[in-house]
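*Asks:* Sequence:
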Amino acid sequence: MNDNYMITGTESTMTPGLQVFTKTEVKKGRSKAIRVAAYCRVSTNLEAQKSSLEIQMSAYERIIHQHPGWKLAGIYTDRGLSGTAASRRVQFQKMIEDAKAGKIDYIIAKSTSRFARNTVDTLKYTRMLREWGVGVYFEEQKIDTGSITSEMLLTIHAAFAQEESHSISENLKRGVRSRFAMGIPKWSTTYGYRRISNDVWEPYEPEAAVVRRIFDMYLDGHKLPEIVQALENDGIPGPGKKNIWFAHSLSTILHNEKYIGDVAMQKDYTIDHMTHKRKRNRDASVTRYYRKDHHTPIIDRKTFADVQVMLEMNDPHKGAIQYPFYGTLRCPFCGEKMVAVSLPSRWHHQAWTCGGPSSEKVLRSERTSCPQFFVKNFYVVEGVVDAFRNLCRNLQEKPGSDFVAKQEKHKDRVMRGEVHYMFLLDLVESISFREGEDGKVRWDTLVVRWKCQAETTGHIEYRRASEIPVTKDSAELRGMVYYANGEPTNGQTNAYYSVQGLFEFCDKLMIHESFADEKVGSMSSVGILIPAVLAPTTTKVGFEGEVKYEGAKAARNK
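If you want the numbering used here, it's the 1-based position in the sequence shown plus 4.
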């Protein structure tokens with residue numbers, strides 16, 4: 005507190021020559037009023053607890069005003085917040101800051117459990133306050149931190165409060181999990197739905213229409229920022245009721261199984277009741293539950309499943325983006341699926357190579373005996389667009405057929421050079437490269453087999469020598485001229501050594517197969533699992549330095 009003291013020295017009556025120094029309070033004519041604050045907290049926003057909080061606040065205000073020599077420094081209240089994490093209680097932290105700034109001399113609280121349900125926090129903050137000359141009085145336990153024995157008593161009571169909090173937490177968990185086991189979800193507010201009774205939710209049409217629009221736009225190949233822009237331009241309120249949307253909000257909507265009428269329970273769980281930290285329940289460390297057809301859906305199951313495939317293909321956390329050709333583009337040597345990879349250094353482009361058959365092996369060189377090669381994504385797009393033009397010229401299908409209807413639906417966008425997943429899903433059986441009469445791959449001719457049983461080819465014109473797909477055996481340097489597939493190019497030594505560096509890069513690609521997928525409506529339900537394809541130069545956590553890659557400069561030195 006802010007009273008004035010003086011230090012006096014006296015001779016010890018027990019030990020001759022020993023000086024004893026003590027602090028003595030200096031009495032003045034008028035003592036300064038003690039600035040007293042009260043701290044109140046309730047852990048829920050229920051009406052009963054709100055009422056309890058109001059009563060606490062009124063009582064402390066009256067006590068402080070009626071106490072001689074006390075002056076009200078403020079009443080600090082936290083509503084609907086747990087006491088186990090003091091750092092998240094805004095008013096509690098404000099009170100501590102005010103005490104540090106010298107605005108408070110004394111604090112009163114109902115009990116140690118209201119102050120904190122964490123022994124460490126209780127001791128930490130009371131010690132901190134004591135260093136600043138601020139005492140704390142706990143009404144129920146009758147503990148004043150200014151007394152000598154207070155810390156021992158405080159430790160005991162705080163430990164009891166912490167254990168009580170743990171017991172309450174475990175009881176709540178058991179209650180929630182027993183409801184999960186009966187198929188009763190713990191439903192939080194979901195955009196597109198409204199509650200009509202305790203456990204009954206129904207689509208709220210103004211928002212449900214927006215949800216359908218988001219799914220439709222994503223299916224049409226629009227990127228999340230483009231959808232955000234469209235919604236904001238139309239003044240559509242977001243989940244926060246303002247005309248603001250975020251890409252991560254759209255991603256949450258697109259991943260949410262509630263929109264097909266299902267509920268996944270125990271997706272994550274609390275690992276520590278003190279910190280309230282939660283962990284994704286990927287490996288079912290805690291039993292997971294899934295209930296189908298729990299409520300009225302907004303999105304049909306096929307649409308949802310197709311969107312999940314697209315989300316997986318576009319997931320940057322899985323290494324290279326596999327959109328849009330994974331599952332459709334086939335290796336010209338073995339016929340297996342090709343995988344996309346982000347090329348290194350100055351290439352910086354998405355390109356495709358053979359991923360080999362499904363396997364637990366990771367390195368590409370161990371998964372397939374196919375030669376190393378890359379085809380850049382924009383050349384595949386170019387070939388598919390040309391093959392589609394040839395289809396439109398020569399198609400013999402009857403007008404009005406399902407295939408022709410889908411062809412017309414996608415025609416404008418594909419003719420503009422936009423090849424997206426739903427176009428491939430609706431119309432394309434497979435894509436590969438033509439094999440010549442000599443048995444060699446014709447990299448300038450793409451073959452598209454359509455779902456109407458027709459087959460057309462598309463021509464590819466490679467613009468740079470180093471971008472022409474080659475295998476190790478078909479890349480040569482004759483004098484200063486780079487030959488690709490037996491033909492001279494306009495490239496020289498730089499093009500040749502650039503390609504040589506990519507052969508090693510190709511061999512050391514890491515392909516992690518997704519044998520099990522936690523997502524509902526996952527790729528397994530539509531017969532496709534998206535692998536994670538990582539470059540040997542990856543810096544992704546858990547994969548760094550898995551393989552050694554030397555690059556094009558090393559190839560030149562060899």
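Rather than coming from a laboratory, the hints here were simulated on the basis of the structure.
You may find that some hints are simply not true.
Claimed, not checked - Below are the BS3-like pairs computed for lysine-lysine, each with C-alpha atoms no more than 27 Å apart in a straight line:
{"no.": "1", "residue 1": "Lys-146", "residue 2": "Lys-114"}
{"no.": "2", "residue 1": "Lys-190", "residue 2": "Lys-146"}
{"no.": "3", "residue 1": "Lys-322", "residue 2": "Lys-107"}
As the list claims (entries may be wrong) - Ranges between beta-carbon positions, derived for each pair:
{"no.": "4", "residue 1": "Lys-415", "residue 2": "Gly-483", "range": "20 to 30 Å"}
{"no.": "5", "residue 1": "Glu-412", "residue 2": "Arg-217", "range": "37 to 47 Å"}
{"no.": "6", "residue 1": "Gln-97", "residue 2": "Glu-143", "range": "18 to 28 Å"}
{"no.": "7", "residue 1": "Met-484", "residue 2": "Glu-459", "range": "53 to 63 Å"}
{"no.": "8", "residue 1": "Glu-209", "residue 2": "Leu-76", "range": "49 to 59 Å"}
Even glycine gets a Cβ: it sits at the ideal position worked out from N, Cα and C.
*Asks:* None of the hints should be skipped; say for each whether it holds.
*Replies:* Status of the hints after comparison with the structure:
1. Lys-146 to Lys-114: 10 Å, holds
2. Lys-190 to Lys-146: Given that 27 Å is the threshold and the Cα spacing comes to 40 Å, the pair is violated.
3. Lys-322 to Lys-107: 53 Å, violated
4. Lys-415 to Gly-483: 20 to 30 Å: 48 Å, violated
5. Glu-412 to Arg-217: 37 to 47 Å: Violated: the Cβ-Cβ distance is about 22 Å, outside 37 to 47 Å.
6. Gln-97 to Glu-143: 18 to 28 Å: The hinted range 18 to 28 Å holds for Gln-97 and Glu-143, with Cβ atoms some 22 Å apart.
7. Met-484 to Glu-459: 53 to 63 Å: For Glu-459 against Met-484, whose Cβ atoms are near 41 Å apart, the range 53 to 63 Å is violated.
8. Glu-209 to Leu-76: 49 to 59 Å: 52 Å, holds
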